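Sequence order for the protein chains is A and B.
Its first residue numbered 1, the first sequence is counted upward by one per residue in full-length UniProt numbering.
Its first residue numbered 1, the second sequence is counted upward by one per residue in full-length UniProt numbering.
FYI, nobody ran anything at the bench for these hints, they're computed from the structure.
Keep in mind the model is a prediction, meaning the values are calculated, not measured.
Some hints here could point you the wrong way.
Unchecked claim - Calculated lysine-lysine pairs in the BS3-like style (CA-CA distance at most 25 angstroms, straight line):
#1 B:Lys196 / A:Lys46
#2 B:Lys146 / A:Lys63
#3 B:Lys185 / B:Lys138
#4 A:Lys4 / B:Lys153
#5 B:Lys53 / A:Lys153
#6 A:Lys4 / A:Lys37
#7 B:Lys185 / B:Lys146
#8 B:Lys63 / A:Lys153
#9 B:Lys153 / A:Lys138
#10 B:Lys146 / B:Lys221
#11 A:Lys153 / B:Lys153
#12 A:Lys4 / A:Lys63
#13 B:Lys153 / A:Lys63
#14 A:Lys196 / B:Lys146
Unchecked claim - These stretches of chain A come out as covered by chain B in the derived footprint (C-beta under 8 angstroms, 3 or more residues):
#15 64-71
#16 84-97
#17 102-112
By construction, the Cβ of each residue, glycine as well, lies at the ideal position given by its N, Cα and C atoms.
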Amino acid sequence: MKLKVYADRMSQPSRAVIIFCKVNGIDFEEIKVELSKRQQLSAEFKEINPMGKVPAIVDGRLKLFESHAILIYLAGAFPGVADHWYPADVSRRAKIHSVLDWHHSNLRRGAASFVLNTVLAPALGLSLNPQAAAEAEKLLSTSLSIIESIWLKGNGRFLLGGFQPSIADLSLVCEIMQLELLSEEDRSRILGPHKKVQQWIQDTRNATRPHFDEAHNILHKVKTKLAVQLSVRANSEMESSIKRVLPSKM
Amino acid sequence: MKLKVYADRMSQPSRAVIIFCKVNGINFEEIKVDLSKRQHLSEEFKEINPMEKVPAIVDGRFKLFESHAILIYLACAFPRVADHWYPADVSRTAKIHSVLDWHHSNLRQGAASFVFNTVLAPALGFPLNPQAASQAEKLLSSSLSKIESIWLKGNGRFLLGGFQPSIADLSLVCEIMQLEVLDEKDHSRILGPHKKVQQWIEDTRNATRPHFDEVHTILYKAKTKLAVQRSVRGNSETESSIKKLPSKM
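Next up, chain A with everything else stripped away, as it sits in the complex (with noise of 0.2 angstroms):
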């Protein structure tokens, strides 16, 4: 029976999953859970996975999510996956997973709680929280910060001085691929200090084409869709501050 996907590709750590298959040529059957419409929250879904998250991945009787535990299952499991996405060689795997762990408290809870907190939480009928947004902020620029001063030195273009991609270097760039949903301002600046991060960005993306592209695609029609809503918001904000402040005769 062939591998099932549940995931969104709104959702970074789906994108991630479908990125792996498909440049390993993992054979896979991807099943949309649209978080928009609340499907992971379905009672369907929730038998897949219970803790109503995507992405998720059925293998034969095997369910299993968490990105991360899925990323490394399949690079276990599938024979023709390469040592470098999750080497054998017992110290490599363990700074592997040193800097998945790192991404769960970091990296991943800055840049997502930004993004929610700026950009995402109307879409999802949450309302915008500009303090936590500026939490958030502090906490992603630290983290972009210390993957340039420690995760990325070494040799090699990838992380912790590898010369190909790991699996870590899939999950943590598909985490920032999200700030493409900020507006320009905020993006610019956040990521625009980081030269050295959007180098490696794009080394991943190069090393995972045209895959990469494919998947991130949804990012850019959801962030021209975004905008409008703002700027549509924005107006009618506008207009009624208008109609409150102008007197009534006008």
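Add chain B to chain A, keeping to what the hints say.
Same frame as chain A, but now just chain B:
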């Protein structure tokens, strides 16, 4: 050269690594990095872990941090470690990774933030934040419920239906043990409803005795100390509010 473990037993992931080494007869040297003295921020320790966090290990020329990564490394690099801690089977390993990944953004975030914002912050030079504490309590309580309804569903006494503990049991139980420093009221409100979690803590403790108890001793000492500090602070606050009363009374 002997394995070096840089740790502070007040840190829950430090305790998990220390207990793991002791239970599995791994010969190691424990090097204390005192968080309350901010030793983790020293130049010397930055050479070991540039992220300035405990635990970290040095094994020969190899340096490693992040406790889950350390536990996995130790399970693989030291041949005497029994299979149940980190099974060789790809599917069972995958499930353990899934629990550990979940831990990061759920149980750990809730528990660590709640303990910090109700008890530990003053000792580390920060103010207590009741709003952050109440958000953390929600995440913590829902995490404990999920442990019961999802991770402890199965035949065995341990996570994922295991009959013996894995590194995930040890890591998560050490996290929950941090709640021992809370005052009784908070502790019983949060843990009280979760009988299955309580039984699982007991089972993990029994499976890793006497090391589990020995490594957790520090928490009970810290709890007494923190309670004294709190009551001193409480009294001085009462005094200062009394002083606010009109001086002739």
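Here is how each hint holds up against the structure:
| no. | hint | result |
| --- | --- | --- |
| 1 | B:Lys196 / A:Lys46 | holds (22 angstroms) |
| 2 | B:Lys146 / A:Lys63 | holds (17 angstroms) |
| 3 | B:Lys185 / B:Lys138 | holds (16 angstroms) |
| 4 | A:Lys4 / B:Lys153 | holds (24 angstroms) |
| 5 | B:Lys53 / A:Lys153 | holds (19 angstroms) |
| 6 | A:Lys4 / A:Lys37 | holds (20 angstroms) |
| 7 | B:Lys185 / B:Lys146 | holds (22 angstroms) |
| 8 | B:Lys63 / A:Lys153 | holds (15 angstroms) |
| 9 | B:Lys153 / A:Lys138 | violated (39 angstroms) |
| 10 | B:Lys146 / B:Lys221 | violated (31 angstroms) |
| 11 | A:Lys153 / B:Lys153 | violated (43 angstroms) |
| 12 | A:Lys4 / A:Lys63 | holds (10 angstroms) |
| 13 | B:Lys153 / A:Lys63 | holds (15 angstroms) |
| 14 | A:Lys196 / B:Lys146 | violated (40 angstroms) |
| 15 | 64-71 | holds (count 7) |
| 16 | 84-97 | holds (count 6) |
| 17 | 102-112 | holds (count 5) |
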